[in-house]
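Student: Here are the chains, one letter per residue:
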Amino acid sequence: MAFVKAQKTKAYFKRFQVPFKRRREGKTDYRARIRLTNQDKNKYNTPKYRFVVRFSNKDITAQIVSATITGDTVLASAYSHELPRYGLEAGLTNYAAAYCTGLLLGRRVLKMLEMDDEYQGNVEATGEDFSVEPTDTRRPFRALLDIGLIRTTTGNRVFGALKGALDAGLDIPHSDKRFAGFSKDNKQLDADVHHKYIYGGHVASYMRILMEDEPEKYQSHFSEYIKKGIEADNIESLYKKVHAAIRADPAAKKSEKAPPTQHKRFNLKKLTYEERKAKLIERLHALNAAGGADSEDED
Amino acid sequence: MPAGHGVRSRTRDSFSRPFRKKGYIPLSTYLRTYKIGDYVDVKVNGAVHKGMPHKFYHGRTGRVWNVTKRAIGVEVNKQVGNRIIRKRIHVRVEHVQPSRCTEEFKLRKVKNDQLKAEAKAKGEVISTKRQPEGPKPGFMVEGATLETVTPIPYDVVNDLKGGY
Numbered sequence: 001m002a003f004v005k006a007q008k009t010k011a012y013f014k015r016f017q018v019p020f021k022r023r024r025e026g027k028t029d030y031r032a033r034i035r036l037t038n039q040d041k042n043k044y045n046t047p048k049y050r051f052v053v054r055f056s057n058k059d060i061t062a063q064i065v066s067a068t069i070t071g072d073t074v075l076a077s078a079y080s081h082e083l084p085r086y087g088l089e090a091g092l093t094n095y096a097a098a099y100c101t102g103l104l105l106g107r108r109v110l111k112m113l114e115m116d117d118e119y120q121g122n123v124e125a126t127g128e129d130f131s132v133e134p135t136d137t138r139r140p141f142r143a144l145l146d147i148g149l150i151r152t153t154t155g156n157r158v159f160g161a162l163k164g165a166l167d168a169g170l171d172i173p174h175s176d177k178r179f180a181g182f183s184k185d186n187k188q189l190d191a192d193v194h195h196k197y198i199y200g201g202h203v204a205s206y207m208r209i210l211m212e213d214e215p216e217k218y219q220s221h222f223s224e225y226i227k228k229g230i231e232a233d234n235i236e237s238l239y240k241k242v243h244a245a246i247r248a249d250p251a252a253k254k255s256e257k258a259p260p261t262q263h264k265r266f267n268l269k270k271l272t273y274e275e276r277k278a279k280l281i282e283r284l285h286a287l288n289a290a291g292g293a294d295s296e297d298e299d
Numbered sequence: 001m002p003a004g005h006g007v008r009s010r011t012r013d014s015f016s017r018p019f020r021k022k023g024y025i026p027l028s029t030y031l032r033t034y035k036i037g038d039y040v041d042v043k044v045n046g047a048v049h050k051g052m053p054h055k056f057y058h059g060r061t062g063r064v065w066n067v068t069k070r071a072i073g074v075e076v077n078k079q080v081g082n083r084i085i086r087k088r089i090h091v092r093v094e095h096v097q098p099s100r101c102t103e104e105f106k107l108r109k110v111k112n113d114q115l116k117a118e119a120k121a122k123g124e125v126i127s128t129k130r131q132p133e134g135p136k137p138g139f140m141v142e143g144a145t146l147e148t149v150t151p152i153p154y155d156v157v158n159d160l161k162g163g164y
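Heads up: the protein sequence lines correspond to chains W and R, in order.
Heads up, the first sequence is in UniProt numbering, so the first residue is 1 and it goes up one at a time.
Heads up, the second sequence is in UniProt numbering, so the first residue is 1 and it goes up one at a time.
Just chain R, with the same shape it has in the complex:
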């Protein structure tokens, strides 16, 4: 009999709980709040059966577009044929984690604002653009000695000493 293509097919490992982390899930997942526009990661928690997203969305990141009593509406990109559709799904909070994808950007924004304010106070003009890593600078090699290596003529007697 063939395997079948049900909604949770091929999810034996991805939906299973990690080793020694079974049972009740820690309370912080329930205490987090999500606002519309936040970025979240969708990661299915196999211990909670309600409000599970389809296995396609496991590991995707999207934005919050709706907040209801126990679930979050997430907008995720999905490639269908030759185009990418913005799909809106509702997921219970147990299957959602706050995403850190914008964390670096937010920190950089705050730091840049601070740098610009300081420069404005001093009257300087600064650029806060990120620069790509350039080529490494040149350096002098220290403590180098010259050693000339030349090939030595093949010596039959020496090489046979093992098996002769």
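Just chain W, same shape as in the assembly:
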């Protein structure tokens, strides 16, 4: 065998500094996290809330989180898999669903803190830039947008969720530069385009295009929509109904499933010393028996 110089010597491992666990998993950007959770020292224990938006392949998670030394605590959360409760069955990870999830979380938090009558937010979603005005009695609920590891591009769905929370009445510092419909040439947000995206207009126009040009692809791609009877023309009114339903009852519903009495194991249970020794003895017996059989054959 040719002589290969070992790339990772023992010295390399001895000097290797392991990154933080969540950095190893590639889930947390610590540079951003330090800047988001650092609270002014002369504000002592006042919590600093982050509006966390994360996307998975089939779900959207929106949470209001505050950081403590023992761990982060979630004040309220909303998931896009809750949207069927409000009448949205298909397309749970698009821009419009992100808007609905942000809106749901915002109204839920305000209801939890009994501020929902004071701060109605933007009831009719127009797509224009809307910021909450503080009333005389209480200042609005302030949170900071936490995107995670997403690349900030114009028209990203996280900003759809942000728009939903803003229209719900939360105070989140933002600029309209990254909303869908912002044109770099004019340096202005086109409110009509944004309005189209909030109500799923981009999905509707793609449905129309496919229906005309490639009906088979339309059948396969939008099969869930067809099953639920959603068509390109009634998408906008569907989302309007969902927004109204969310504003009517944003409270979280507890699931009826009882918590499991015995927790599911995800990894192998560690063996005790006696069990490991017993296993070793078994293995040696088996080896001896097999070895004995071989040597008998050879003889």
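Treat the hints with care, as some may be off.
Estimated spans, in silico, between C-beta atoms of each pair [claimed, not checked]:
1) R:Phe-15 - W:Ala-258: 54 to 60 Å
2) W:Arg-139 - R:Glu-118: 46 to 52 Å
3) R:Phe-15 - W:Lys-43: 28 to 34 Å
Worth flagging that the hints you see were computed from the coordinates, not collected in a lab.
As the structure is a prediction and not an experimental result, all values here were calculated from the model.
Where a beta carbon is used, it is the ideal one built from N, C-alpha and C, also for glycine.
Dock chain R against the given chain W, drawing on the hints supplied.
Tutor: This is chain R only, laid out in the frame that chain W set:
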């Protein structure tokens, strides 16, 4: 050319980060809160360049006298000539740790209050003063046998057996 006496002179080792602990510092340093009157240790974190105290204060303990947005005002004793001055410095929170110097005292205070309340309920009089460790009590030595050791006369022949 001589070495120079700049502000960070001779801090090569004391301000350097420990082995395999370089890079981002854990978030708990930013999440701690400090109140005026707390005792804190000043320990410089070389990874953060802003708000560093002078190398003299590295390893000193002082009381908090001011809390600002990102920094803490600490009052530290410094001997200047023939007197000790209470110096007030401002230090960023990354270079400060809560001190455990009063921890034992606080625990003892709580325990003493509890003992005094119990004694008052029972009507006893107790002293909660700490006593220094006294001399060890006397004890009997068990299982001792007497063995008398006497010197033996010098035997030339036996001692030469190696090199003779």
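Student: If a hint holds in the structure, say so; if it does not, say that too.
Tutor: Do the hints match the structure? See the list:
1. R:Phe-15 - W:Ala-258: 54 to 60 Å: holds (56 Å)
2. W:Arg-139 - R:Glu-118: 46 to 52 Å: holds (48 Å)
3. R:Phe-15 - W:Lys-43: 28 to 34 Å: holds (29 Å)
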